[in-house]
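Participant: Construct the entire structure; sequences and hints are all you get.
Each residue of the sequence shown is one higher than the one before, counting from 2 in the working numbering.
Derived from the structure by calculation, the hints contain no laboratory data.
These numbers were taken from a predicted model, which means no experiment stands behind them.
Heads up, some of the hints might be wrong.
Result set (EDC-like, lysine to aspartate or glutamate): computed pairs, CA atoms no more than 16 Å apart in a straight line [unchecked claim]:
{"no.": "1", "residue 1": "100", "residue 2": "55"}
{"no.": "2", "residue 1": "100", "residue 2": "125"}
{"no.": "3", "residue 1": "100", "residue 2": "123"}
{"no.": "4", "residue 1": "96", "residue 2": "55"}
{"no.": "5", "residue 1": "38", "residue 2": "148"}
Ranges of calculated distance between the beta carbons of each label pair, as one might list FRET restraints [what the hints assert, rightly or not]:
{"no.": "6", "residue 1": "148", "residue 2": "57", "range": "33 to 43 Å"}
{"no.": "7", "residue 1": "17", "residue 2": "113", "range": "34 to 44 Å"}
{"no.": "8", "residue 1": "47", "residue 2": "123", "range": "21 to 31 Å"}
{"no.": "9", "residue 1": "95", "residue 2": "161", "range": "31 to 41 Å"}
{"no.": "10", "residue 1": "145", "residue 2": "74", "range": "15 to 25 Å"}
Idealized CB from N, CA, C, for every residue including glycine.
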Amino acid sequence: MSDIATLIPLDNVDPALVEALLDRAFEPERHTRTAYKVRAGTDWLPGLSFAALDGSEMLVGTIQCWPVALTDPDGRAHPMIMMGPVAVLPGLQGKGFGKALMSASLAGIDARAPLPQVLIGDPDYYGRFWGFSNEATGEWTLPGPFERHRLLVRCDNPAVLPREGALGPWLR
Numbered sequence: 002m003s004d005i006a007t008l009i010p011l012d013n014v015d016p017a018l019v020e021a022l023l024d025r026a027f028e029p030e031r032h033t034r035t036a037y038k039v040r041a042g043t044d045w046l047p048g049l050s051f052a053a054l055d056g057s058e059m060l061v062g063t064i065q066c067w068p069v070a071l072t073d074p075d076g077r078a079h080p081m082i083m084m085g086p087v088a089v090l091p092g093l094q095g096k097g098f099g100k101a102l103m104s105a106s107l108a109g110i111d112a113r114a115p116l117p118q119v120l121i122g123d124p125d126y127y128g129r130f131w132g133f134s135n136e137a138t139g140e141w142t143l144p145g146p147f148e149r150h151r152l153l154v155r156c157d158n159p160a161v162l163p164r165e166g167a168l169g170p171w172l173r
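Facilitator: Have a look at this one:
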């Protein structure tokens, strides 16, 4: 983490620089991934989305969070926050940038009325550091292919989560 000079709000960064970083961290074809379909038509949440700058003030990582909803079989939408993508330049992964970005986003969630947080990622990593789990997501569907064990949720009271539902954009 000593390489991190600053975390700043993502809306302070030129969107072209963010897109270039995402292309390098994932690949230009990333737009075809299921996560993009889950959040289609929504804008990322500025208060929970950040950029990491290194000691030279160069953009080295970003996190975006999105308004999504799990629609239960009765058609009721349960709002959630989709975390990610968490992107770090390939040569700098494993140095704590992604961890700092995730921690900053989660710290920004209002504890008085926290929405469940959902992501597609490594269950061991996200479970160990932030309490994400796939225990409640086994009957959830997404608008595209995904590895079921990688669909994770974090919620103060998992009993409020619908057992079944379709995850998609929260279009209020």
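Participant: If you check each hint against the structure, which ones fail?
Facilitator: none
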